[in-house]
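Novice: Residue numbers (full-length UniProt numbering), protein chains in the order written: chain A, 1 to 81; chain B, 1 to 461.
To be clear, the hints were calculated from the coordinates, so they are not data collected in a lab.
Glycine is no exception: its CB is placed at the ideal position from the N, C-alpha and C atoms.
Incorrect hints may have been included.
Here are the simulated lysine-lysine pairs, DSS-like style, with alpha carbons at most 25 Å apart [said to hold, decoys possible]: (1) B:Lys418 - B:Lys454; (2) B:Lys418 - A:Lys16; (3) B:Lys436 - B:Lys394; (4) B:Lys394 - A:Lys16; (5) B:Lys391 - A:Lys16; (6) A:Lys6 - B:Lys394; (7) B:Lys418 - B:Lys436; (8) A:Lys16 - B:Lys130.
Residues from chain B that keep clear of chain A, each with C-beta distances beyond 12 Å, as calculated [claimed, not checked]: (9) Val28; (10) Asn84; (11) Gln242; (12) Asn303; (13) Gly399; (14) Asp422.
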Amino acid sequence: MSVRSKVIEAIRQIAKEQNVTLPELSDDLSLHETGFDSLAFAILVARLEDDTGVDPFTISEDAAFPATVGDFVRAYENVPA
Amino acid sequence: MSPREIFALRDHLGAELKVRTISDAQHVVSLTDILSQTVLGGRLSELSGRSVLLKLSDQLRSGLAMIELDGIARRMLLCPPDLNPAHLDALIADAGIDAVVTDEAGRWANSGISLVVTAQLPLEATAPAKTERATEWLMLTSGTSGVPKIVGHTLEALTGAIVAEGPARGSAPVWATFYDIRRYGGLQIFLRAILSGGSMVLSDPHEALGDHVARLKARGVSHISGTPSHWRKLLMSGSAAQFAPAYVRLSGEIADQAVLDGLKAAFPNSSVGHAYASTEAGVGFAVNDGLEGFPADYLGNRNGVEMKVIDGSLRIRSTRTAHAYVGRSAAALTDDDGFVDSGDIVELRGDRYYFVGRRGGIINIGGLKVHPEEIEAVINRHPDVRMSRAKSRKSPITGGIVVADVILADGTDQARVKEIRDQILAQCRAQLASHKVPAVIRFVEALDVTPAGKLARTDAS
Chain A
1 MSVRSKVIEA IRQIAKEQNV TLPELSDDLS LHETGFDSLA FAILVARLED
51 DTGVDPFTIS EDAAFPATVG DFVRAYENVP A
Chain B
1 MSPREIFALR DHLGAELKVR TISDAQHVVS LTDILSQTVL GGRLSELSGR
51 SVLLKLSDQL RSGLAMIELD GIARRMLLCP PDLNPAHLDA LIADAGIDAV
101 VTDEAGRWAN SGISLVVTAQ LPLEATAPAK TERATEWLML TSGTSGVPKI
151 VGHTLEALTG AIVAEGPARG SAPVWATFYD IRRYGGLQIF LRAILSGGSM
201 VLSDPHEALG DHVARLKARG VSHISGTPSH WRKLLMSGSA AQFAPAYVRL
251 SGEIADQAVL DGLKAAFPNS SVGHAYASTE AGVGFAVNDG LEGFPADYLG
301 NRNGVEMKVI DGSLRIRSTR TAHAYVGRSA AALTDDDGFV DSGDIVELRG
351 DRYYFVGRRG GIINIGGLKV HPEEIEAVIN RHPDVRMSRA KSRKSPITGG
401 IVVADVILAD GTDQARVKEI RDQILAQCRA QLASHKVPAV IRFVEALDVT
451 PAGKLARTDA S
């Protein structure tokens, strides 16, 4: 499974658990518009860390938290192997 | 005016009761003639009026030495097996120790303690001693990372709950405990065995659980106590089959409904009760209705134990509490009114109080306080869960999130694991505030339990 599909699937799974109705997930969608609150993002980052072994937001001190879904996915895609 | 009559352990032991024993995995010692025998090589009189450190590598000799020393020594400090040796010097100074009873005499040769007495088996014959004084019992608190606190008790305080309950009905009980008898929970059971005219089967940390249970069965154990973690381990081990004690007791940790129900299912003909006690507060009460928590009308004055809830924590005043912390810089053990603050947080729901956790065990989740025990109690209600531990994990987003390690029942179909995870999460969402719902559930094979029998809450992972 690609990194992108892992991230998207985790977002859908958490949305289901948190009773969040997601809009269509395009790269341009701002994370704010997903309907996720900070707890939901915290869960997402923790699950992805367990799944992929990386937490791109803790590794890099100067990493700004992404603004869009596309930025968020790329943060995982761009982690050096 | 005559002084109150002082009872020591020896005054509860007489030759009139036959076939009483105290045993461990290696030895069986008769309690019937114990007063004319010595584990101290006949040197008890040298220890009269002394402040004695009881530092032995096994429980059997420790128990026999307690029987001899009580009523003779000025005080005795019980050292549990997991005591950090680096703390010994501070404890010796604080307790004013001037004698040691040990099985490693060589280790104490240059310690500055002039009187070193070796405890040894087999027992030797001696003339019975007479009670001289009320010996002060010093116990150590568990669970603190620094030097443990020394807690001072009298035998009268330690046995208050046992005397109040009265003698056991029917034949003399055979008591056992998963605890070490040098800890408060285990000492209560040892004292029950002595005062009730019964026998005692000691645990052995090196013995496999299956062998331990086989020994409990073989020795006819009728009454047995342990922490919920001890009991969960037993239920998981599959060793409980064919063991049928009359009385199963839990203490030392929160007994949630899942473990109470699990024990009732495993031991359908046993009475299952949970007791509330701590080294400092003594025995507060026992709950025998099979339900977690305790009835709200236990607050107030009941059987000489007064309880109240202030700032969420249970406070206790009774003649069974310890009388002081011992040592030069020891803090006050009670408030000005004589109440001990247990540090155990309770919550009133309907007509019952429920334990939600320890004040010191709170984890911080995004600025909100969470008791891990409250989350574990909900997870443990899932029928496929045997044991769980909730803890916090750092999060770059909220600072912290709740994660849970869960042990599933033996033989759980791996294909069902995802479904079980979803069910646990649904259960948590239905019963807990959203920040308390675990963000991640990890299925594990084992969870650590401390030497004091409690779920280990501080590890590196």
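Novice: Determine for every hint whether it applies to the structure shown.
Specialist: Status of the hints after comparison with the structure:
1. B:Lys418 - B:Lys454: violated, 29 Å
2. B:Lys418 - A:Lys16: Holds: Lys418 of chain B and Lys16 of chain A sit about 15 Å apart, inside 25 Å.
3. B:Lys436 - B:Lys394: holds, 14 Å
4. B:Lys394 - A:Lys16: holds, 24 Å
5. B:Lys391 - A:Lys16: Cα-Cα ~24 Å, so holds.
6. A:Lys6 - B:Lys394: holds, 22 Å
7. B:Lys418 - B:Lys436: holds, 20 Å
8. A:Lys16 - B:Lys130: violated, 74 Å
9. Val28: holds, 51 Å
10. Asn84: holds, 34 Å
11. Gln242: holds, 41 Å
12. Asn303: Correct as stated: the minimum Cβ-Cβ distance to chain A is 46 Å, above 12 Å.
13. Gly399: violated, 9 Å
14. Asp422: The assertion about Asp422 of chain B is violated, with a minimum of 8 Å to chain A.
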